[in-house]
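> Each chain is listed here by its residues.
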Amino acid sequence: MTANRKDLASGAIFIVFGLVYGYLSITSMPLGSATRMGPGFFPAVLSGLVTLMGLIILVRAFVVGGDTPFDAVPWRPILCLSLGTILFAAFADDLGMLPATFVTATIAALARRETKLWHAAVLGLAIAVFCSLVFTFGLGLPLPIFGSLFGY
Amino acid sequence: MDVLSNLALGAAVSFQPINLLYCFIGTLLGTVIGVLPGIGPLATIAMLLPITFGLSPEGSLIMLAGIYYGSQYGGSTTAILLKLPGETSSAVSTIDGYRMAQKGRAGPALAAAAIGSFFAGTVATLLIALVAKPLTLLAFNFSPAEYFSLMVVGLVCSIALASGSIVKALAMIFLGLLLSLTGTDIYTGASRFTFGVRDLYDGLEFVAIAVGLFGVSEIIRNLEGTTQIKAAVAKVGRLLPTKEDWKRMVAPILRGTAIGSFLGVLPGGGALLSSFVAYTVEKKVSRHGHEFGDGAIEGVAAPESANNAGAQTSFIPMLALGIPSNVVMALMIGALIIQGVVPGPGVIQTNPSLFWGLIVSMWVGNAMLLVLNLPLIGLWVKLLQVPYAILFPVIIAFCCVGVYSVNNSSFAVYQIALAGVLGYVLLKLECELAPFLLGFILGPMLEENFRRAMLISGGDASVFVSRPVSAVLLAVAVLVLVAVTLPAIRNRREEVFVEES
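Chain order of the listed sequences is R and G.
In this text, residue positions in the first sequence follow numbering that gives the first Met the number 0: the first is 0, and each later residue adds one.
In this text, residue positions in the second sequence follow numbering that gives the first Met the number 0: the first is 0, and each later residue adds one.
Label pairs and their computed distance ranges (CB to CB):
(1) R:11 / G:283: 39 to 45 Å
(2) R:138 / G:455: 42 to 48 Å
(3) R:129 / G:16: 26 to 32 Å
(4) R:132 / G:458: 54 to 60 Å
(5) R:27 / G:477: 30 to 36 Å
Quick list of in silico lysine-lysine cross-link-like pairs, DSSO-like style, CA-CA up to 30 Å:
(6) G:102 / G:82
(7) G:82 / R:115
(8) G:381 / R:115
Okay, the calculated bits of chain G under chain R, using three or more residues with CB under 8 Å as the criterion:
(9) 177-186
(10) 388-397
(11) 413-422
Rather than coming from a laboratory, the hints here were simulated on the basis of the structure.
Just so it is clear, CB atoms sit at the ideal spot from N, CA and C, and this is done for glycine as well.
So here's chain R without its partners, still in its complex pose:
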């Protein structure tokens, strides 16, 4: 019988989180006493529980088995959507609402394989104009339509 890879992977993720956060809570924060708990106490307990659950999942992966194959990783949507969002975070203040939403929406639109570049750009422009009108102009969101980069 083969181990269940999904259980193996999720168990490992939980264990890594538990160990890293547990290490941080114990080494860098005082645990305190039962009466006056330090900042490290609650996180240390939770880290222990996360690790424990991870271990149980890991053991079960071998005991229960029932392997299920991974699907192919959809790199394109993952990359496009993350990149679009990150670029907004990085440049919204400098670029302003219109250029930032244009870049974000255009790149996000490319997450779908069938979408052509110019389609994405037109859609991005439409979304950018809409967002600028509704959020900056209409609702008075303090994100100018053009940012400091354009000398505003």
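Please build the complex by placing chain G on the supplied structure of chain R, with the hints as guidance.
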């Protein structure tokens, strides 16, 4: 009558023209966005949150509540016409609703959902008005130990709702709790898990995490294949139910309302649990039980009434105790805090017009939904045909702008990307995200009350079982935990979720 005078105060607030307008805009926008396939109430509220920032506290909460039921109702429309539940709580309505639509009876199905929802909403509003005040009085006697135990019950209940492995659900809860502690410790000022990043001193941004986990990861999943999501929208046809339909609707609506009102109050419960239970019960007790799955109107009326009643009564723990029972309520609490109102049992005393205004406007919102939805059904059908290729870039842009506007800081926007990828990975590994998010919401409150309880008791952990209310709550939590691990119930639970998918 105390309740009557309170409701009169509420009516005075919610019938102010400006608040009626906010309620109307809220329900309209909520429906418009909720109808779009693949967008649930959570994403809708997160996207529209910035719109409410400039309003008065009353206005903003009334509008948000309107958005909430609007999106809830919009989701049902999508479920019936497209077999695509916009949100999990209308998943069961797809079973019989879509069958009815295929048989050319989409109209009566939509009408049953609308009428059932309206009736359930009315009853639930009255219920909130009746129990809210006694509950807040009870809440004033709650010590930190009780609050802690109550939250534990809520977290355990969220496992019962998760499909799949219980160990994984538990792990997700603990992980959510753990990550929620990022930032400055309120007691000592020590910074925790900030990795030296100054922006993290205020903790992770809840709205960003929620949007990433539930919005972005869902979009990635929808874009996995090359499969075009081409909407095959059913024809609506004649709207009004026949005489026979009316007769068959009454009992399911009543039962659904009762089930939903009760289950909605439970922490971690709300609309989802309500609609599942109502459907299962109705299938058992209905004389037309054999028609279920093949377009029985009861199979739409009961869960739709139940999820609306549940959506409404889930406001009770939030209003009375300041504890969000689900993710949507957590966003509401976030909105309240932005408005400078501290949620909790004090609100009813310090801010009665907000409290009662919100309650009455819930009913107004439901009435508006009824008036709005049936005549405008043609418009909703058009919206359903918006291709996904256009939809998801709009969602991403709105999410970025929405999250940016929470603190006017772009740092939170980075967290969307991180949460989106993490959410997708966990989703693919069959780990449920809802327990994680509930843990993430309750984490800081859970720790605060735990530490305070221990401080008061002088380090004696038995305080959690020596106080009767706390002991009962913990016993309930243990019972639920034991119950979900019992094989018999576990199989039943899986059955319910198999029907969903």
